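Novice: Residue numbers (the working numbering), protein chains in the order written: chain A, 1 to 409; chain B, 1 to 243.
The hints are simulated quantities; they were obtained by calculation from the structure and are not laboratory data. Treat the hints loosely; a few may be bogus.
[As the list claims (entries may be wrong)] With a straight-line cut-off of 25 Å between C-alpha atoms, the simulated DSS-like cross-links for lysine-lysine are:
(1) Lys156(A) x Lys287(A)
(2) Lys59(B) x Lys395(A)
(3) Lys383(A) x Lys395(A)
(4) Lys59(B) x Lys26(B)
(5) Lys216(B) x Lys383(A)
(6) Lys354(A) x Lys216(B)
(7) Lys156(A) x Lys19(A)
(8) Lys86(A) x Lys100(A)
(9) Lys315(A) x Lys354(A)
(10) Lys199(A) x Lys155(A)
(11) Lys399(A) x Lys59(B)
(12) Lys216(B) x Lys236(B)
[Said to hold, decoys possible] Okay, the calculated bits of chain B under chain A, using three or more residues with CB under 8 Å as the criterion:
(13) 68–81
(14) 225–233
Given the structure is predicted, the values throughout are model-derived calculations rather than measurements. Just so it is clear, CB atoms sit at the ideal spot from N, CA and C, and this is done for glycine as well.
Now for the letters of each chain:
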Amino acid sequence: MSEVSHREREQRARAAREKRAAFGPDLDLGKYEHAVEEQGYLADLSAVPADERQTLLDTGIVLDGTRQRSATFILKDQSPIHFSTKQEDVEVLSLSQALKTHDWLDQYLWRAIEVDADKYTAHVALEHTDGYFIRSLPGARTTLPVQACLYLGHKKLAQRVHNVIIAEENSELHIITGCSSHPMSTGLHLGVSEFYVKKGARLSFTMIHNWAPGVEVRPRSAAIIEENGVFMSNYLALKPVHAIQMYPSARCVGPNARARFNSVLVALQGSRIDSGSRILLDSPGSKGEIISRTISNGGEIIARGDIQGNAVDVKGHLECRGLILGESGMIRAIPELTGRLARVDLSHEAAVGKIAEEEVEYLMSRGLTRDQATAMIVRGFLKVDIEGLPPELDKEIQKAMEESEGELF
Amino acid sequence: MLEIENLSVAIGDKPILHDVCLSVPKGETHVLFGPNGSGKTTLLMAIMGFPRYRVITGKIWFLGQDITDLPMDERARLGVGMSFQRPPAVRGVKTRDILRSLDPNAGVQNEILEVARQLSLEELIDREINHGFSGGEIKRSELLQLFAQAPRLVLLDEPESGVDLVNMALVGQMTNRLLQKDLRRTRSRSGLIITHTGHILDYVNAIRGYVMIEGKLWSEGNPLDMLDCIKRSGYKECMSCQR
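Using the sequences plus the hints, can you model the full thing?
Specialist: Listed below in structure tokens is the structure:
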């Protein structure tokens, strides 16, 4: 590991201040507000206003203790307003607090993600940015998820977040992140998340996006997975948003490391989603899988996928399936595979289209109405079987899906 | 139960059925013979109400109601049920999902699961429907759905095709049960079955048979006698015995 000095890091960020992102519409950061009032720390979560509480609930974040969570982190606008853990071997802190607690943590910043990847990473690096630090200690086992919530309450804010997640050796960590905003917000969310999965660790990260029709979203996430480590990302974007552009990546650097991305994306009229997943199989025996299910009901979706086989005996599979429900709308599936050695095994399947009339009629011949038949097919289409997820998280995903159905039909 | 009057059906602009008349009373099972491409499946699809099968002239009556223009799902809810020869796979939808939608009565669900067990489908009901199913699995899965649907009129399109000998006995016996063989006096369910091989007749008590050739019904009679005649002299012979 090479340690990049602060000065060099800053220089690189400065040089990238105007650097356009590889994908997605270019945003003028000058349009947004960057400094907002600090939000005070809330020791007692019952102080969160009822309307915000409901918005959080829609993304699987529960503040009233009705569902089991091992720890909680909440960030509003730019301020971490709450972090607490019920489990001794899981640390949940704000990043600023964690940097004070752990002098070694600095070396994890900007290691999974290049600081000069684009203007958004540069902006996050150059401005004072906080976020969450979640770490499972070596050997820690928990099936109860840690919940983290990022809330954009200010209307015109360019919200900056920098998160670091570490699953130490042989630990198991499950995180559910809900990202949401005030319904009238026209802000921007810039989220940098760096994941480190150590030897033999298992990390699942379930993210539910619930933005507003005016919000721009530019997450920048990457994971580094060591020997026998498992990284699993589940991403759900089911509600209207102005535009999301993201292309998270996972690098398998240790033998037999595994990565899997599951995405379920719904674009309603006016929403543009450009979302991909990339897996770099850099170590012998590593495995990667990318599954995406996309539905356009008037909106535009670009579903990218990229698996690169850079070591012997690696295996990767990519599956992009898109369904166009309305008369308008667009889905573009762009699956890419790159093999750099003979002993790699990479495959993909992609399909985009409307619901097969034959299938609708088959169900109608059993007595289902056209709407019921369509709903059953869409529900089936969106159902991605996710292995190894604790039941608590599985339930959250099902619930989020059921709630989004109302907007599709 | 089912009355078909002078029915002519086209697929697109192509006429397939010509002036077909047929009557299946309550509690009776009838059989349709005929060469490939003669229009047997078209007749069943038209009774079920698939929009691609366009009624040009004639009427379909079911339980005294003219259902000629009724949408397919309404016909199904009235009590028309069909087993398909090659149903489509519906990705992500499990057989169990369909069973649940057919059977809102949770108490009855257990009976259906028992039928699933008898059809050796316990594991299959949690797989995506028809996806990678063998020929025999499809037939059994179609039967299971019909048990859950409990229709008054059962339309079976070649229930024996693709079924091996061991499974044939199972499919035959269960079809017989679906058609309420044991209820002699009170039998109320009717059936219309397409068969090429006639194997299903070893199990099902069909009392009337028809031969369809080139979209017309040519003869009718005792199904077993007709099957013998077809085996001996072929379908053409049937054209000589006018109805």
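Novice: Does each hint fit the structure? Answer for all of them.
Specialist: Hints, verified against the model:
Of the supplied pair hints, the one linking Lys156(A) and Lys287(A) is violated, its CA atoms being roughly 42 Å apart against a limit of 25 Å. For the hint pairing Lys59(B) with Lys395(A), the CA-to-CA distance comes to about 50 Å; that exceeds 25 Å, so the pair is violated. Restraint check for Lys383(A) and Lys395(A): satisfied, since their Cα atoms lie roughly 12 Å apart, inside the 25 Å limit. At roughly 18 Å between alpha-carbon atoms, Lys59(B) and Lys26(B) fall within 25 Å of each other, so this suggested pair holds.
Taking the CA atoms of Lys216(B) and Lys383(A), the gap is about 46 Å. The hint is violated against a cut of 25 Å. Only pairs whose Cα atoms come within 25 Å are accepted, and Lys354(A) paired with Lys216(B) is rejected, the gap being roughly 37 Å. For the hint pairing Lys156(A) with Lys19(A), the CA-to-CA distance comes to about 22 Å; that is within 25 Å, so the pair holds. Between the alpha carbons of Lys86(A) and Lys100(A) the distance comes to roughly 21 Å, so the proposed pair stays at or under 25 Å and holds.
Taken as a hint, the Lys315(A) and Lys354(A) pair is broken in the structure, with Cα atoms around 31 Å apart against an allowance of 25 Å. At most 25 Å may separate the alpha-carbon atoms for a hinted pair to count; Lys199(A) and Lys155(A) exceed this at roughly 42 Å. For the suggested pair Lys399(A) and Lys59(B), the alpha carbons sit about 47 Å apart, so the restraint of at most 25 Å is broken. The hinted pair formed by Lys216(B) and Lys236(B) meets the criterion: a straight-line CA distance of about 13 Å does not exceed 25 Å.
Look at the stretch 68–81 of chain B against chain A: 6 of its residues bring a Cβ nearer than 8 Å to a Cβ of that chain, three or more, so the hint holds. Evaluation of the coverage hint for the stretch 225–233 of chain B: breached, as 0 residues show C-beta separations to chain A shorter than 8 Å, against a requirement of three.
Taken one by one, the earlier hints fail for this structure at numbers 1, 2, 5, 6, 9, 10, 11, 14, listed in ascending order.
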